[in-house]
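Dock chain B against chain A, hints included.
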Amino acid sequence: GAGVSQSPSNKVTEKGKDVELRCDPISGHTALYWYRQSLGQGLEFLIYFQGNSAPDKSGLPSDRFSAERTGGSVSTLTIQRTQQEDSAVYLCASSSRQGHTEAFFGQGTRLTVV
Amino acid sequence: AQSVTQLGSHVSVSEGALVLLRCNYSSSVPPYLFWYVQYPNQGLQLLLKYTTGATLVKGINGFEAEFKKSETSFHLTKPSAHMSDAAEYFCAVRNNFNKFYFGSGTKLNVKP
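So the sequence lines, in the order shown, correspond to chains A and B. Following the working numbering, the numbering of the first sequence begins with 1 at its first residue and continues without gaps. Following the working numbering, the numbering of the second sequence begins with 1001 at its first residue and continues without gaps.
Because the hints were derived from the structure by calculation, they are not lab data. As the structure is a prediction and not an experimental result, all values here were calculated from the model. Treat the hints with care, since some could be wrong.
What the hints assert, rightly or not - Pairs of lysine-lysine, BS3-like flavour, derived with a Cα cap of 30 Å:
no., chain 1, residue 1, chain 2, residue 2
1, B, LYS1107, B, LYS1049
2, B, LYS1099, A, LYS57
3, A, LYS11, B, LYS1107
4, B, LYS1099, A, LYS11
5, A, LYS57, B, LYS1107
6, B, LYS1049, A, LYS57
Chain A with its partners taken away, still in its complex shape (with noise of 0.2 Å):
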């Protein structure tokens, strides 16, 4: 597609059930990362995918959080059992592999837990 997507926009949830939250990245980007962006807060790293592997996953808070990447494309971002503070936008971004490009962001998923 011309841009990365992330589905939904917003996402309000009850504590303890299960979300996902799928991104689509630029066609042809190797690289795929999701970052957490908490009120008033920077950019908290996830995890970063290089085609279908996950070489660098230091970021996600606890066992609760996963990610998986198909085909070098989609990614979804899965937390279960949602706690209040899981409430953030979670971006999405992709990259080439070459390193002098930028990563390109995602509009993010807005997750609300009540």
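Just chain B, lined up with the frame of chain A:
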């Protein structure tokens, strides 16, 4: 490990005044450096980037940044602030393993 430091989480300037947003990075190798802007309720948009070559980089909306290796800095400037520049600005470094490190962001407020 690399890191990015943005001095000042909030900066306030008057319309027409100089904008200076500071960014320092730590890197053992020449980095790729970026500035992004985030308007309310939107994703991040690239303002400008430094890869190689000229150390003074010009971006969109009249912004520019200068890469100073000796100071490990990549400060963002604009000669004359406009109300529409009010946003949050993020400095970022990309390492040789394709990972991006972001600073904590600076919110720019422009006063009329």
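A quick look at each hint next to the structure:
Annotation: proposed proximity of LYS1107(B) to LYS1049(B) holds, straight-line Cα distance about 19 Å (limit 30 Å). Note on LYS1099(B) and LYS57(A): the hinted pairing holds, with a Cα-Cα distance of about 11 Å set against a maximum of 30 Å. For the hint pairing LYS11(A) with LYS1107(B), the CA-to-CA distance comes to about 26 Å; that is within 30 Å, so the pair holds. Among the hinted pairs, LYS1099(B) with LYS11(A) is consistent with the structure: their alpha-carbon atoms are about 28 Å apart, no more than 30 Å.
The straight-line distance between the Cα atoms of LYS57(A) and LYS1107(B) is roughly 28 Å, inside the 30 Å bound, and the hint therefore holds. Note on LYS1049(B) and LYS57(A): the hinted pairing holds, with a Cα-Cα distance of about 26 Å set against a maximum of 30 Å.
Of the numbered hints stated above, none is contradicted by the structure.
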